[in-house]
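Work out the full structure: start from the sequences and follow the hints.
The chain contents come next:
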Amino acid sequence: MDPQDLFFILQGLPVTLSISFLSFLIGFLIGIPLSIIKQHSAIGVRLLAEGYEKILRGIPVLVLMLAFHFGLGGIIPIFRDPYLSAVIALGLRSGAYQGQIFLGAINSVGRNQMMAAISLGLTRWQTFRHVILPQAFIVALPGLGSEISLLIKDSSYSFILGVLDLTKHADIVRRATRSFLLPYLTAALLYIMVTFPIANYLDKLGSKFKTKYGLR
Amino acid sequence: MEEIILEGRRIKKNYGDLEVLRGIDISVKRGETKVIIGPSGSGKSTLLRILGLLEPPTEGEIYFEGRNVYAENLDLNKLRAKIGFVFQEPSLFRHLTALGNVKLGLRYVLGMSEEEATKKALETLRMVHLEEWKDHYPAQLSGGQQQRVGIARALAMDPDIILFDEPTASLDIELTWEVIDTMKELAKRGITMLVVTHELGFAKEVADEIIFIDNGVILESGPPEEVLYNPRTSRAREFLKRLLGE
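So the sequences go chain by chain: A and B.
Heads up: the first sequence is residues 1 to 216, going by my numbering.
Heads up: the second sequence is residues 217 to 462, going by my numbering.
In case anyone wonders, no lab produced these hints; they're calculated from the structure.
Keep in mind it's a predicted model, so treat the numbers as computed, not measured.
Simulated pairs of lysine to any residue, SDA-like, Cα-Cα distance not exceeding 25 Å:
1. Lys336(B) - Met114(A)
2. Lys208(A) - Ala355(B)
3. Lys336(B) - Gln126(A)
4. Lys294(B) - Phe128(A)
5. Lys228(B) - Ile242(B)
6. Lys350(B) - Met115(A)
7. Lys38(A) - Pro272(B)
8. Lys208(A) - Ser358(B)
9. Lys228(B) - Met115(A)
10. Lys350(B) - Gly214(A)
11. Lys350(B) - Pro134(A)
12. Lys212(A) - Asp388(B)
13. Lys212(A) - Pro306(B)
14. Lys420(B) - Asp241(B)
What follows is the structure, given as structure tokens:
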């Protein structure tokens, strides 16, 4: 393996990061409403939300990707694209996880502040928006950090669909150079170098604000 | 002066089989300070939450400025903005400074501009002598200061009445005075108040009427000298004796 190969492996990183970022975003957009639904909706809707969570958390994300791309690709055009199949599979599952993270965080804010907000005349939505959510977000930061790490790592499954991510690039180098271990070690190192600082930063940020606001 | 601001008629509240309130009639006129006393578990806090429109009664009616709140289907959020509430437990918004806490309702319920809200919030913090603490977060304030910010938060909305639910109950003794003093100042300014408290000194000094509640009913009510020094019922006598540690 020479420097050129290292550079080639590095070129897979943006794809890995963009899959992770986009799927995190999808998960965020699903997770927040999911956590609200689980607390406030009628029993039927709540069961639906819980079913979604249970199913998405029970299926290996690789199976989900394969099912989307190879299973549904013929029917639903968007799944013909392996990149989007990976993003959507990871995003849907992340929604289930983030729903859990936010639910715990929302519950940690507590009834007293909610009552205080209601007593001022704030509507339920205003209370959520201005009192609950800002604090829940801080409490959720460490959990969100682990979730991002998980997405970055699990985005590697997408290489099976043919996505040219970090893992795929390492695999290509392995085949081309017949150097078996080094390309993967390089990829592994890059995964750690990306996931560790993100998770660590969000963890620290969460702790900092928690101390400042005296949150648990 | 004689206008009744808040009134509850035949208020009952059950939680499952438990009867917490068993038919309470109560009213507060503009400018009045009324104090509710009674043993813990007597239903005082429940009554206050019901009058504050934070939960509906099982039976009975609430009138705000003469209008039947639940029968006329009035907008509860609008009415709650006119009824201040100070809680027993720490209830400040922990991600906001003292100033931010007071401003929130002004901005989003009363719809004031940022400048207006800031001006009004500062004025109100000055009234509870916490202007210098405006940029502190709740976690950086003492329990007594937090309660005073809570009072300012309610007061800033210019409510028609403020309800206090044992605002000193979760405070250390030495911190209760500053809160009690603040409440006395408000009473003397003519703010209409309904206060659940065990602070008999406060009751004696500022209450126009003291109401003794036990077991979900009003056992006595009247001017402080009557209820505190000359209770008619043995339940009230026992309660006061225990409270005064005699």
